[in-house]
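Peer 1: Use these hints to put chain B onto chain A, whose structure you have.
There are 2 protein chains.
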Amino acid sequence: MNFDALRQQIKKQTDEGLLALIESMPDHAPRLKEAMQHALLVGGKRMRPLLAHLIGNALDIPKQDQQVISMAIECIHAYSLVHDDLPAMDDDALRRGQPTCHVKFDEATAILAGDALQTLAFSILTDEPLSEQSASHRAKLVSILAAASGYCGMCGGQAIDLAATGHSIDVDALTRLHQLKTGALLSACAQMVTQVADISESDRQHFITFSRIIGLAFQVQDDILDVEGDAQMLGKPQGSDQALGKNTFPALLGMDQAKQVLSDLHDEALQALASLPYNTEYLTAFTDLMVNRKH
Amino acid sequence: MNFDALRQQIKKQTDEGLLALIESMPDHAPRLKEAMQHALLVGGKRMRPLLAHLIGNALDIPKQDQQVISMAIECIHAYSLVHDDLPAMDDDALRRGQPTCHVKFDEATAILAGDALQTLAFSILTDEPLSEQSASHRAKLVSILAAASGYCGMCGGQAIDLAATGHSIDVDALTRLHQLKTGALLSACAQMVTQVADISESDRQHFITFSRIIGLAFQVQDDILDVEGDAQMLGKPQGSDQALGKNTFPALLGMDQAKQVLSDLHDEALQALASLPYNTEYLTAFTDLMVNRKH
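Sequences listed follow chains A and B, in order. In case it helps, the working numbering puts the first sequence at residues 1 to 295. In case it helps, the working numbering puts the second sequence at residues 1 to 295.
By construction, these hints were calculated from the structure, which means they are not laboratory data. Glycine included, each C-beta is placed from N, C-alpha and C at the ideal position. One or more of the hints may lead you astray.
[Stated by the list, open to error] Cβ pair distances, simulated, as ranges:
| # | chain 1 | residue 1 | chain 2 | residue 2 | range |
| --- | --- | --- | --- | --- | --- |
| 1 | A | 171 | B | 168 | 50 to 60 Å |
| 2 | B | 245 | A | 201 | 52 to 62 Å |
| 3 | B | 171 | A | 293 | 46 to 56 Å |
| 4 | B | 12 | A | 275 | 50 to 60 Å |
[As the list claims (entries may be wrong)] When the alpha-carbon atoms are kept at most 27 Å apart in a straight line, the in silico DSSO-like pairs for lysine-lysine are as follows:
| # | chain 1 | residue 1 | chain 2 | residue 2 |
| --- | --- | --- | --- | --- |
| 5 | B | 33 | B | 45 |
| 6 | A | 104 | B | 246 |
| 7 | B | 259 | A | 246 |
[What the hints assert, rightly or not] With the Cβ distance kept under 10 Å, some of the chain A side facing chain B (calculated, not the full set):
| # | residue |
| --- | --- |
| 8 | 32 |
| 9 | 79 |
| 10 | 115 |
| 11 | 121 |
| 12 | 154 |
| 13 | 275 |
Here chain A stands alone, though its shape is the one from the complex (with noise of 0.2 Å):
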């Protein structure tokens, strides 16, 4: 299968496995029910349930339990962009070229829908079907994913991120907002995946490298994009981290050098899966893909 075709595959999957989750839940608070499912399903790359099933098929790890990875790993990624879209954060009116939660519903519902996508995700990696090999390894998923959600992952890189907005911070602490604000649930897929296969430390550790490359890349173009991207491709208004007056790699190094930051994270993510012994032809596309990427 071309790396395309996998990609369309894995989202749809993603997809499906979350609308049939959302619809297996009780109908007793039907808005929040909805707001939830909003939130999950209108559009979305699926960049980490991507990541999750491609190092889970370089590791021949069950095709199940990497649908239950991305599964929890796309709550906790789908609950901070409705939080992040509040008006008391962002204040993003649109996202994926649609009304954010709080704008489609209200701000009530947004961030209760928000709050229980969180708790889902846990729900998912403590309830959900896992291979026998994986199941006993549920709490230490539920650890891996937690530390990367919370204050010493994403929650306190969107804290030093609101800090920093509006004042000048240098790249060196961009780069470490970055690192906890996207490279750490990224980091995680590679942390969930890794832990329930058979795997040497020193491996594992090259596929969690990669992961958070990969993370700062993302962040690094996504960033590049703000600038020079296309509002209609990009589903949000273009200039939209300027106008909040948020710390960018262009503002900070300028375009070229900017790009070049790209480039040599490009360079490093390659050379973290060549010393891997497994296939990593799809991961290779994917970097590529994370890399080029126009929206």
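Peer 2: Just chain B, lined up with the frame of chain A:
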């Protein structure tokens, strides 16, 4: 030890455990850390830790396990209060006589503090030291707490509450609302502690039923205190339910009937305890406290 002394001791242990946990976190996002500490440590009756410890003591569960379960539950409770107090939700400026999180800090920080406290609850269950007998139950503890907190528990109850505010619902609907919004988390105390105990399924169910009844009684008394209570003792303005157009037991049934419901719940709770072959003396005192409390 008399009940009041035990209660103070458990409150102190809980406060100290939570403070140590926050202080052990790195300082990369100091404002977020401070907001999490404020949310966790300003006042609080620690009713849920008290319930968890009392059941744990009755069943001879190691103290350390009781503490871990209590801290996790309290992080979920604290996060829910921070988010419930937000302007888009109940818009409360005071909680336990102190400024609420978004008033003392700002809305964005309060949203993030709530998010990170929720994550912390699950990290506690997977990462904090447990006795050998309990460590194998970590995933199940996460499963119970997530089920009680999310769409099928507390978050769902809060969504039903929001939808019902300003409309009149019947007493059955109000009871269901509170069973989710308050009862689920109190019931989770009993579910988690009995999960790690060597106990018959029937006795386990009695503890869970007891905790559900206590959750509802707690809420009925809350509604009564909102009408008859003393603002200074409550640490918040009296009459705030009515001002918000909230459905309450006194508003639906009249005050006399609401007090009768509370008295009936008191009897039911004591009956559930009476059928248990354990020393439930302190749990009886706890029941009396819940029903007779003035704040």
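Peer 1: Indicate, hint by hint, whether the structure satisfies it.
Peer 2: For each hint, the structure was consulted:
no., hint, in the structure
1, A/171 - B/168: 50 to 60 Å, "holds (58 Å)"
2, B/245 - A/201: 52 to 62 Å, "holds (58 Å)"
3, B/171 - A/293: 46 to 56 Å, "holds (55 Å)"
4, B/12 - A/275: 50 to 60 Å, "holds (52 Å)"
5, B/33 - B/45, "holds (22 Å)"
6, A/104 - B/246, "holds (24 Å)"
7, B/259 - A/246, "violated (55 Å)"
8, 32, "holds (4 Å)"
9, 79, "holds (8 Å)"
10, 115, "holds (5 Å)"
11, 121, "holds (9 Å)"
12, 154, "holds (9 Å)"
13, 275, "violated (30 Å)"
The structure fails to meet hints 7 and 13 from the earlier list, while all remaining hints are met.
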